[in-house]
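Got chain A sorted already, so can you dock chain B onto it with the hints?
Chain residues, written in single-letter form:
Number of protein chains: 2
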Amino acid sequence: MTKLEHLKERLAVVSDLNGAASLLGWDQQTYMPPGGAAARAEQLATLGRLAHEALISDEIGELLEAASAESTGSSSDSDQSCLVRVVRRDYEKARKVPAALVAEIARATSLGMEVWVQARKDSNFVAFQPALRRILDLQRDLAHCLGFEESLYDALLDQYESGMKKSELVRIFSELKVGLVPLVQSISERLDRVDDGVLRKVYPEAAQWEFSLEAARRLGYDFQRGRQDKSVHPFTTSFSVNDVRITTRVDEQFLPTALFGTLHECGHALYEQGVSQNLERSPLASGASLGVHESQSRLWENLVGRSRGFWKFFLPRLKQAFPQNLQDVSLESFYRSINRVEPSLIRVEADEVTYNLHILLRFELESELIESRLALADLPEAWNSGMKALVGVVPHNDAEGVLQDVHWSNGLIGYFPTYSLGNLLSVQLFEKAQAAIPALTAQIENGDFASLLDWLRTNVHQHGRKFLPSQLIQLATGESLQAAPYLRYLTNKYSEIYV
Amino acid sequence: MTKLEHLKERLAVVSDLNGAASLLGWDQQTYMPPGGAAARAEQLATLGRLAHEALISDEIGELLEAASAESTGSSSDSDQSCLVRVVRRDYEKARKVPAALVAEIARATSLGMEVWVQARKDSNFVAFQPALRRILDLQRDLAHCLGFEESLYDALLDQYESGMKKSELVRIFSELKVGLVPLVQSISERLDRVDDGVLRKVYPEAAQWEFSLEAARRLGYDFQRGRQDKSVHPFTTSFSVNDVRITTRVDEQFLPTALFGTLHECGHALYEQGVSQNLERSPLASGASLGVHESQSRLWENLVGRSRGFWKFFLPRLKQAFPQNLQDVSLESFYRSINRVEPSLIRVEADEVTYNLHILLRFELESELIESRLALADLPEAWNSGMKALVGVVPHNDAEGVLQDVHWSNGLIGYFPTYSLGNLLSVQLFEKAQAAIPALTAQIENGDFASLLDWLRTNVHQHGRKFLPSQLIQLATGESLQAAPYLRYLTNKYSEIYV
Chain A
1 MTKLEHLKER LAVVSDLNGA ASLLGWDQQT YMPPGGAAAR AEQLATLGRL
51 AHEALISDEI GELLEAASAE STGSSSDSDQ SCLVRVVRRD YEKARKVPAA
101 LVAEIARATS LGMEVWVQAR KDSNFVAFQP ALRRILDLQR DLAHCLGFEE
151 SLYDALLDQY ESGMKKSELV RIFSELKVGL VPLVQSISER LDRVDDGVLR
201 KVYPEAAQWE FSLEAARRLG YDFQRGRQDK SVHPFTTSFS VNDVRITTRV
251 DEQFLPTALF GTLHECGHAL YEQGVSQNLE RSPLASGASL GVHESQSRLW
301 ENLVGRSRGF WKFFLPRLKQ AFPQNLQDVS LESFYRSINR VEPSLIRVEA
351 DEVTYNLHIL LRFELESELI ESRLALADLP EAWNSGMKAL VGVVPHNDAE
401 GVLQDVHWSN GLIGYFPTYS LGNLLSVQLF EKAQAAIPAL TAQIENGDFA
451 SLLDWLRTNV HQHGRKFLPS QLIQLATGES LQAAPYLRYL TNKYSEIYV
Chain B
1 MTKLEHLKER LAVVSDLNGA ASLLGWDQQT YMPPGGAAAR AEQLATLGRL
51 AHEALISDEI GELLEAASAE STGSSSDSDQ SCLVRVVRRD YEKARKVPAA
101 LVAEIARATS LGMEVWVQAR KDSNFVAFQP ALRRILDLQR DLAHCLGFEE
151 SLYDALLDQY ESGMKKSELV RIFSELKVGL VPLVQSISER LDRVDDGVLR
201 KVYPEAAQWE FSLEAARRLG YDFQRGRQDK SVHPFTTSFS VNDVRITTRV
251 DEQFLPTALF GTLHECGHAL YEQGVSQNLE RSPLASGASL GVHESQSRLW
301 ENLVGRSRGF WKFFLPRLKQ AFPQNLQDVS LESFYRSINR VEPSLIRVEA
351 DEVTYNLHIL LRFELESELI ESRLALADLP EAWNSGMKAL VGVVPHNDAE
401 GVLQDVHWSN GLIGYFPTYS LGNLLSVQLF EKAQAAIPAL TAQIENGDFA
451 SLLDWLRTNV HQHGRKFLPS QLIQLATGES LQAAPYLRYL TNKYSEIYV
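Taken in sequence, the protein lines are chains A and B. The numbering of the first sequence is my numbering, which starts it at 1 and goes up by one. The numbering of the second sequence is my numbering, which starts it at 1 and goes up by one.
Hint data in this document are derived by calculation from the structure and do not stem from the laboratory. On a predicted model such as this, the values are computed, not experimentally measured, just so you know. Careful, some of the hints might be misleading.
No copy labels: a pair is met if it fits in one copy or bridges any two.
As a list, the in silico SDA-like pairs of lysine to any residue whose alpha-carbon atoms are at most 20 angstroms apart [to be verified]:
no., residue 1, residue 2
1, K8, A41
2, K432, R488
3, K8, A45
4, K388, S174
5, K121, P380
6, K230, Q28
7, K230, Q29
8, K312, V198
9, K93, R140
10, K388, V348
11, K3, E59
12, K230, E252
13, K93, I105
14, K230, M32
15, K388, D378
The following block holds chain A by itself, in its conformation from the complex:
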């Protein structure tokens, strides 16, 4: 057995443990009875610890050295060169963090989550403040362990978006802000142009469920290698390239929840299902980063799912499912209703145009917090004035303001920006696919997504985690990540709707 094969065998054990842990997580959010929670937490902690120990073992370090020597001469984008490179990065990062700090972070975030739930319920930021302070302190410790060159924030960001820097975010997000703020202001003066009442009738759950399954099937989601279940918060998870599951939730009073929820998760799942089988049971059998992952979910949800062409095909089918609600609705009116813009307080309910402004605010605030340039006590006020300046609305209380998201209570600093990176990238990729497939618009109008999926598989999915996000984006689009295409897309689309 070569050293590389030996290394792969060891990594397969890590992969098995992580896959098992993911199934435990899936079950926790779908079918687990309430009584199972305590034991589940212990089981997840044990699997996580064993996977971590297996990864940071001295043996892996030695095998990495030896396998690296073996693979000298093989092309730098071969599976094996990439494996050694990526695992070495994971390994070195994991070795830098003392077990005691990992445990301390787990404790503080577990407590933080609990305190946050209650604080949000009471709309009382002050009650959450001490827990958040502790979490931020530990994240700073973590950043120092991981190390950074330019900015402390970079160390945390790198966990979710490998190789990305805060300075790069500042550059991209500034351009985005300059374009978005006036666009939103202009639309805000014409909000009455679009009415979405048709989406707010009663849509029975069973028919919504069937329609979402049919849409996922049409997109190319393979139900032999996946399934859809219900959960409170929709998510995608995978235990293997050949077992990638999605969840959604259904709101009988609001059609888009399940519909676009499924399209979004389906985008994530198509990515995971499209990773090369050669990477199965290795640390490369996943997406390149959270940002690249989000580009896939947003591409299918928004670029495809909120397009005229998509509904040219699907609206007649939707009418069959809900004849009473939809019989008199024209394609044009339906298209406008699902693209309604409304500056609002809650990120997860935001439309395409305002969504990224919510992210810009979080990025600004969390980088100031972690770099101690903003006092915790001033956070709610900074949030509210930021919302006013960016989106044009002001929260009435902390629950619909600074306490709305779970992320910070969970210790996730540097995570929010990946949502916007994904939005930007989704447009860059879609434009390249359009250029490569002249008939794409016509295909989508016929419910045929095979060429698009094929293009994404070839240019993005199959590579899994082989490349850094920036490398993958360069490979797939021939350019770096940019705000301009996204701004152009939004401006074109929405100035037509909000004339």
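Relative to chain A, chain B alone:
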């Protein structure tokens, strides 16, 4: 930290790994898409190997010694004395089996299962013979590793029924046979006394499902700490004392399948849910043996579920669920129909009276096979003549004869007898409960099972795996395992039905 606490911590890791593996197994049989199978097998193998390695580590050996010294003086039935005793037994057994043999058995049974599936489909025992030969050879090797005093068979039997011996089985089963064969012959002359046509109407799945949930709830199954799902083969599994799940299957053309399937699995689940919380996350948090487990499933399925009193309460409810099928059915006629006896070929479809004869046959044959007193080539003929002598019917082919059960292909030798041990014990326990609860019959007629469950919890469930089956039986009933009560129960019940 004491050595005992340290030991418990190590064992908790084993328990977490086994719990995780059980969830993976549950998912495999309930929701896993077909594509997930290959990765799932790897994940299960990894978890199994890690759990095994964690158990047989030298450290556990040393901690066992030290903890044993610490617990000198504490009562022999204390949780900690039992823990040390049971884990030492598990540990010593596990250390006796070389990893290479474990791997070889896994390979041979995996292949054996595959070959068996095809051989059964083709009804061709000869095709299965080489695989079965290999499996039996390995089981003999295993028995020699484990060690035995009287009989090689004892070593294998002990894996499923700790402390039980073949000589004891021979004694009990001989008595059982002497009583059963004439009883079956006598009933066989009066088969037309009972008609079960009423159970073979069309019973829609959804209503069957609801009724089975309602029955489980009434029995005392806690849905906050469990749930019921569908699977091809019904089973019970647990990942914690507080997460014990059952499955069932529904046959729209045969009411008893789901109904008694749920009662049976519910019996297993009540046992697991009743284990003391003090034993959670330890190797004692399970049933004492397969036989004791089966006593619980059979007690609820047969002693309770096929009694007049049970249906005095439930038949009116069943009529509400299926008014068209059942409106004219009397309690007496329904009682007779669910207790219909028919000598038949397939074990899993057998009634209470003939069931144990199927087991006696398997016990005789597998003990002769493993002791090389029966040639493999002669097995089908031995099976068929045994069926004729015991049950009075003869298979037309191997598929409905010697190839019907999965057990041998899976390497399970010494497993079958536990089904009968469970049947015998169910009556002994039920008689003791009746003696202890004078109002029991009246309670059951009112759908009140609380006293019965409470008695079982106190006398059986709470102890988990603390005691050997023989000790537990002595504790709960004041006597050893016996055939006479079971024979008396069958004779009384069925001579009344088949007058």
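Now the hints, each set against the structure:
In the homo-oligomer, the alpha carbons of K8 and A41 lie at most 20 angstroms apart only across protomers (17 angstroms), although the nearest pairing inside one protomer, at 29 angstroms, exceeds that limit. For the homomeric pair K432 and R488, the shortest alpha-carbon distance inside one copy (14 angstroms) is at most 20 angstroms, but the shortest distance between copies (81 angstroms) is not. Taking the shortest alpha-carbon separations for K8 and A45, only the inter-copy value of 16 angstroms comes in at or below 20 angstroms, while the best intra-copy value is 24 angstroms. For the identical chains of this complex, K388 and S174 are intra-copy neighbours only, at 17 angstroms inside a copy versus 87 angstroms across copies, given an alpha-carbon limit of 20 angstroms.
For a Cα distance limit of 20 angstroms, the shortest separation of K121 from P380 inside one copy, 16 angstroms, qualifies, whereas the shortest one across copies, 69 angstroms, does not. When the C-alpha separation of K230 and Q28 is checked against a cutoff of 20 angstroms, the pair qualifies both within a copy, at 12 angstroms, and between copies, at 18 angstroms. Both within a single protomer and between protomers do K230 and Q29 lie at most 20 angstroms apart by alpha-carbon distance, with minima of 9 angstroms and 19 angstroms respectively. Only within a single protomer do K312 and V198 lie at most 20 angstroms apart by alpha-carbon distance; the minimum there is 17 angstroms, versus 53 angstroms between protomers.
For the homomeric pair K93 and R140, the shortest alpha-carbon distance inside one copy (15 angstroms) is at most 20 angstroms, but the shortest distance between copies (49 angstroms) is not. Proximity of K388 to V348 under the C-alpha cut-off of 20 angstroms is restricted to the intra-copy arrangement: shortest distance 18 angstroms within a copy versus 70 angstroms between copies. In this assembly of identical chains, the alpha carbons of K3 and E59 lie at most 20 angstroms apart only when taken from the same copy (11 angstroms versus 30 angstroms across copies). In the homo-oligomer, the alpha carbons of K230 and E252 lie at most 20 angstroms apart inside one protomer (14 angstroms), although the nearest pairing across protomers, at 27 angstroms, exceeds that limit.
With identical chains, the CA atoms of K93 and I105 are at most 20 angstroms apart within one copy only, with a shortest distance of 16 angstroms there and 40 angstroms across copies. Proximity of K230 to M32 under the C-alpha cut-off of 20 angstroms is found in both arrangements, the shortest distances being 12 angstroms within a copy and 15 angstroms between copies. For a Cα distance limit of 20 angstroms, the shortest separation of K388 from D378 inside one copy, 16 angstroms, qualifies, whereas the shortest one across copies, 87 angstroms, does not.
Checked against the numbered hints listed earlier, the structure breaks none of them; every hint is satisfied.
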